[in-house]
Amino acid sequence: MKRGFTLIELLVVMAIISILASILFPVFSRAIDKAKAIQCLSNVKQIQLATMMYAQDYDQWYPPAPYTYTDPDDGTTTTYIWLDVLQPYIENYQIMVCPSLHPGTEPGISGKLTGYAINYWMILNGGATAHKSAEKLTYADASVIGKHISWYMYNYGGTDPDPDGNPDTLGSTPDTRHMEGSNFAFADGHAKWLRRDAPGASDFATAWDPQG
Numbered sequence: 018m019k020r021g022f023t024l025i026e027l028l029v030v031m032a033i034i035s036i037l038a039s040i041l042f043p044v045f046s047r048a049i050d051k052a053k054a055i056q057c058l059s060n061v062k063q064i065q066l067a068t069m070m071y072a073q074d075y076d077q078w079y080p081p082a083p084y085t086y087t088d089p090d091d092g093t094t095t096t097y098i099w100l101d102v103l104q105p106y107i108e109n110y111q112i113m114v115c116p117s118l119h120p121g122t123e124p125g126i127s128g129k130l131t132g133y134a135i136n137y138w139m140i141l142n143g144g145a146t147a148h149k150s151a152e153k154l155t156y157a158d159a160s161v162i163g164k165h166i167s168w169y170m171y172n173y174g175g176t177d178p179d180p181d182g183n184p185d186t187l188g189s190t191p192d193t194r195h196m197e198g199s200n201f202a203f204a205d206g207h208a209k210w211l212r213r214d215a216p217g218a219s220d221f222a223t224a225w226d227p228q229g
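Numbering (the numbering used here), first residue to last: 18 to 229.
What the hints contain is simulated information worked out from the structure, not anything from laboratory work. Misleading hints may appear alongside valid ones.
[As the list claims (entries may be wrong)] Below, a list of computed lysine-lysine pairs in the DSS-like style, where the Cα atoms sit at most 30 Å apart:
(1) Lys62 <-> Lys209
(2) Lys51 <-> Lys62
(3) Lys209 <-> Lys51
(4) Lys53 <-> Lys209
(5) Lys149 <-> Lys62
(6) Lys209 <-> Lys149
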């Protein structure tokens with residue numbers, strides 16, 4: 018006759034399983050986060066490549082974020098953001114959505130969600146003709162998602178570096194949701210992950226101003 022497990026033996030087995038779970042679950046979680054970060058990096062690169070194709074078609078200008086068009090015939094108005102105008106250059110809208118985007122996020126003006134924001138200064142100053150394009154940030158993980166201020170960002174801190182000495186807090190900021198860093202696209206078409214304290218990332222002239 019086979020002997021069954023004693024209570025102590027069962028408790029020991031349960032304790033071992035609990036210890037293994039506490040060790041393995043964080044490993045699995047980090048692996049999932051890493052996979053999402055890699056997919057996100059691919060997303061921002063594809064968005065930038067689509068932007069470069071758009072710029073070729075529109076006299077080297079980047080897409081707007083946002084602008085309102087008034088139909089001269091009937092007076093109806095439609096608001097467009099870069100998400101809308103890049104649609105013809107992107108086969109799958111899912112690349113506009115960061116894989117780490119949390120469910121239930123408020124939709125943007127077009128009823129669409131995104132986890133990314135565009136560098137406002139690229140829109141304002143013609144990003145396609147940026148000086149030192151390999152150093153100029155174009156898109157990044159956005160800290161405020163789905164609302165109007167997430168569509169563009171002014172700089173790393175979300176403030177407008179106005180020369181009047183009175184900066185205003187505007188727009189979104191790069192979000193460090195991927196392993197304490199953000200995924201960035203650059204004006205020359207490459208993309209990479211950067212930590213928040215990466216050299217030059219917060220310097221306006223170096224990284225944000227296309228004419229800097």
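Status of the hints after comparison with the structure:
A C-alpha spacing of about 8 Å is found between Lys62 and Lys209, which places the hinted pair at or below 30 Å, so the restraint holds. As the CA atoms of Lys51 and Lys62 are separated by approximately 17 Å, the hinted pair is consistent with the 30 Å bound. For the hint linking Lys209 to Lys51, the alpha-carbon distance of about 14 Å falls within 30 Å, and the restraint holds. Of the supplied pair hints, the one linking Lys53 and Lys209 holds, its CA atoms being roughly 14 Å apart against a limit of 30 Å.
Between the alpha carbons of Lys149 and Lys62 the distance comes to roughly 18 Å, so the proposed pair stays at or under 30 Å and holds. With a C-alpha separation of about 16 Å, the suggested pairing of Lys209 with Lys149 holds against the 30 Å cut-off.
The structure meets every hint from the earlier list without exception.
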